[in-house]
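S.K.: Chains U and C are the protein sequences, given in the same order.
Going by the numbering used here, the first residue of the first sequence is number 213, and it counts up by one from there.
Going by the numbering used here, the first residue of the second sequence is number 213, and it counts up by one from there.
Treat the hints as calculated values from the structure; they're not laboratory data.
Treat the numbers as computed from the prediction; the structure is a model and nothing was measured.
Check before you lean on any hint, since a few could be wrong.
Given that identical chains are not distinguished, each listed pair holds provided it fits within a single copy or across any two copies.
What the hints assert, rightly or not - Derived SDA-like pairs (lysine to any residue); straight-line CA-CA distance at most 25 angstroms:
hint : residue 1 : residue 2
1    : K273      : K336
2    : K347      : R251
3    : K285      : E431
4    : K422      : R343
5    : K336      : N300
6    : K302      : K347
There are 2 protein chains.
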Amino acid sequence: MFKAIIFDLDNTLFESTELVKRARVEASGALINAGLPARSSEEVYKKLSKIVLEYGSNYPKHFSRLCREYGIKSKPEIIAAGMVAYHNVKISQLHLFPKANEILMELAKSDTRLALITTGNPIKQWEKIIRLNIKQYFDFISVLDDKKKEDKIPEYKRFMRKFGLRPDEVLCVGDRPDQEIYFGNKLGMKTVRILQGRHKDEKPKEKLCKATYAIRDFEELKKHL
Amino acid sequence: MFKAIIFDLDNTLFESTELVKRARVEASGALINAGLPARSSEEVYKKLSKIVLEYGSNYPKHFSRLCREYGIKSKPEIIAAGMVAYHNVKISQLHLFPKANEILMELAKSDTRLALITTGNPIKQWEKIIRLNIKQYFDFISVLDDKKKEDKIPEYKRFMRKFGLRPDEVLCVGDRPDQEIYFGNKLGMKTVRILQGRHKDEKPKEKLCKATYAIRDFEELKKHL
Chain U
213 MFKAIIFDLD
223 NTLFESTELV
233 KRARVEASGA
243 LINAGLPARS
253 SEEVYKKLSK
263 IVLEYGSNYP
273 KHFSRLCREY
283 GIKSKPEIIA
293 AGMVAYHNVK
303 ISQLHLFPKA
313 NEILMELAKS
323 DTRLALITTG
333 NPIKQWEKII
343 RLNIKQYFDF
353 ISVLDDKKKE
363 DKIPEYKRFM
373 RKFGLRPDEV
383 LCVGDRPDQE
393 IYFGNKLGMK
403 TVRILQGRHK
413 DEKPKEKLCK
423 ATYAIRDFEE
433 LKKHL
Chain C
213 MFKAIIFDLD
223 NTLFESTELV
233 KRARVEASGA
243 LINAGLPARS
253 SEEVYKKLSK
263 IVLEYGSNYP
273 KHFSRLCREY
283 GIKSKPEIIA
293 AGMVAYHNVK
303 ISQLHLFPKA
313 NEILMELAKS
323 DTRLALITTG
333 NPIKQWEKII
343 RLNIKQYFDF
353 ISVLDDKKKE
363 DKIPEYKRFM
373 RKFGLRPDEV
383 LCVGDRPDQE
393 IYFGNKLGMK
403 TVRILQGRHK
413 DEKPKEKLCK
423 ATYAIRDFEE
433 LKKHL
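The following block holds chain U by itself, in its conformation from the complex (with noise of 0.2 angstroms):
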């Protein structure tokens, strides 16, 4: 038995990977739609996700690089129709993987000590904990700015000294080799691999980036509790 966990937000509570490219191509179905000269929603897409690569996704003019990039003005029309789409796929099917909530909601009502500690925009982050609702399962939550990923360390310490917990009394469970998972053994804590999301096929660097369990879905996270 763990007496804690540590878990990860995008890929590893909900399906994040996925759910951003449905909504990448309701935009574009929806950039066409209100104007732009496009060929079809599939080369829409395939620009939007160059644009989205080179200029981070916090980057908040995406659509307007996209209206540059066909030759024509930035139109609001145009830009909102994009928004409007993106947005209403982001937050309508935004959803915890299944059985996630169940098994959150058993280990909260146990002694073991939840952590929720993500990466990200941090008012991004926090409005996909607030539409997931599930803050209230977990006894410390700490979103990371983008900037400083390689501080997740210091979080993973920071939550076992409030706790009063050894790193092998702690379980990690995330979908990136290279994040949770290496920070997770790196600190002698057993780690768990979700395989979901952009990083499902990653072959691990090295050693420390090989996770303790592998499993496929969350629901599997169970055996190794």
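Use these hints to put chain C onto chain U, whose structure you have.
M.R.: Relative to chain U, chain C alone:
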């Protein structure tokens, strides 16, 4: 019979003032739940309304200001809670006035030329047009930036030029005595004032601010077409 009708958007085609109020009330409660140290949501609502009045409705940091007013550092957890509550109301409760859809549809099927000329943040105004799903009814849509409010007359003229209309063939519908009503009258149009929203009880400042007709709700518009 009028050959054309110019519509304003907020408080003319939908109830904007009440919607914003409900969104702010909801946000105020959510901010307290998320940790804003306030005595009551009424108190938060009042402070928030004052901030919006002072900094304008398109200022992006209303909730951060609010945190500062309560002597705490702006936390992403609190900001996100306010934003989610605010947007949930603004999106789920955005509806056209009763009968507005039927009347616009009927007019669009007739020979009457329809214009939608509104002021505000262009992307936010377009977001409303898209979410209300009314773009298809209009022959002419123009969103003027807040800063150029005095430019509504040139837009009215541009619409008339485009469709070869004389002012006496145009009906101008809006909720503001000193905006749509004044501009329409000044150009020699017939004007309809909808008594809705925060200008409902406003007395006309001068003769040109007095509408040809005043109606309580959109349905009554039929009488004057």
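S.K.: Indicate, hint by hint, whether the structure satisfies it.
M.R.: For each hint, the structure was consulted:
no. : hint        : verdict
1   : K273 - K336 : both (16 angstroms within a copy, 15 angstroms between copies)
2   : K347 - R251 : between (43 angstroms within a copy, 23 angstroms between copies)
3   : K285 - E431 : neither (48 angstroms within a copy, 39 angstroms between copies)
4   : K422 - R343 : neither (32 angstroms within a copy, 47 angstroms between copies)
5   : K336 - N300 : both (15 angstroms within a copy, 15 angstroms between copies)
6   : K302 - K347 : both (19 angstroms within a copy, 24 angstroms between copies)
Going down the numbered hints, you'll see the structure goes against 3 and 4, while the others check out.
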